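The C-terminal position of the sequence shown is numbered 161 in the UniProt record's numbering, with every residue numbered one higher than the one before it.
Honestly, the hints are just simulated from the structure, not real lab data. Note that the structure is a prediction, hence the values are computed from the model and not measured. Worth double-checking, as some hints may not be accurate.
[What the hints assert, rightly or not] Mimicking DSS-like on lysine-lysine, the simulated pairs with C-alpha atoms at most 27 Å apart in a straight line are:
id, residue 1, residue 2
1, K69, K13
2, K25, K37
3, K124, K74
4, K69, K124
5, K28, K44
6, K28, K39
7, K13, K25
8, K11, K146
9, K146, K159
10, K124, K146
11, K11, K28
12, K64, K11
13, K54, K37
14, K37, K13
15, K44, K155
16, K124, K71
17, K64, K155
18, K28, K69
19, K74, K126
20, K25, K64
21, K54, K74
22, K64, K54
23, K159, K74
24, K124, K101
25, K71, K13
26, K71, K126
27, K155, K69
28, K126, K54
29, K39, K124
30, K64, K74
31, K44, K159
32, K44, K11
33, K44, K54
34, K54, K69
35, K124, K54
[Unchecked claim] What follows is a set of in silico ranges between Cβ atoms, one per label pair, in the way DEER data are often shown:
id, residue 1, residue 2, range
36, E102, S142, 19 to 29 Å
37, K71, M26, 46 to 56 Å
38, A128, S40, 50 to 60 Å
Backbone N, C-alpha and C fix where the C-beta goes; we use that ideal spot for every residue, glycine too.
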Amino acid sequence: MHFMLNLQRLKEKAAFRNPDEFYFKMIKTRTVGGVHKLKSRANKYTPEELMLMKTQDIGYILQKLQSEKNKVQKLIAMLHSLDNQSSNRHIYFAEDWEDAKEVQSRSSKGRMLPASDDIPEHIKRKTASSYRELEARRSRVSDLEKIYMDMTMQKELQKKG
Numbered sequence: 001m002h003f004m005l006n007l008q009r010l011k012e013k014a015a016f017r018n019p020d021e022f023y024f025k026m027i028k029t030r031t032v033g034g035v036h037k038l039k040s041r042a043n044k045y046t047p048e049e050l051m052l053m054k055t056q057d058i059g060y061i062l063q064k065l066q067s068e069k070n071k072v073q074k075l076i077a078m079l080h081s082l083d084n085q086s087s088n089r090h091i092y093f094a095e096d097w098e099d100a101k102e103v104q105s106r107s108s109k110g111r112m113l114p115a116s117d118d119i120p121e122h123i124k125r126k127t128a129s130s131y132r133e134l135e136a137r138r139s140r141v142s143d144l145e146k147i148y149m150d151m152t153m154q155k156e157l158q159k160k161g
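Produce the entire structure from the sequences given, and follow the hints as far as they go.
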């Protein structure tokens, strides 16, 4: 019963169809045994067009690779300047051994805590996250380098002998 109802609706729709109706998909289809099938898109591009697209892809990958390398260099410079802060050491000069021992005992009593204990916790967290970001960017650079090398190898293999 349900099948007959659908068939009746389709017959009515076909009867009221506009004969001048046109869709662009009609150009890309063909009928095989009364069934509509899309044309094959296997050879849609010429070899020259494919080579051009791959060259553009290689250019994009190279641009991203250079961008990531620059970001890694900036991060390394920033983290290097954070890690190598001056130690603020004072140099004392003594005339003899007794003065040297006295100066050494005075400086050890008033010695400051190590620099890492003075750093606030939120700065330590930011530094740790920067190091994690640096490692992520380094791995991204190595991945992009692999992709770039593979793509250039494929491009070289496609060239005519």
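Hints breached by this structure | Hints 1, 8, 10, 12, 13, 18, 20, 21, 23, 24, 25, 28, 29, 32, 35, 36 contradicted; others consistent.
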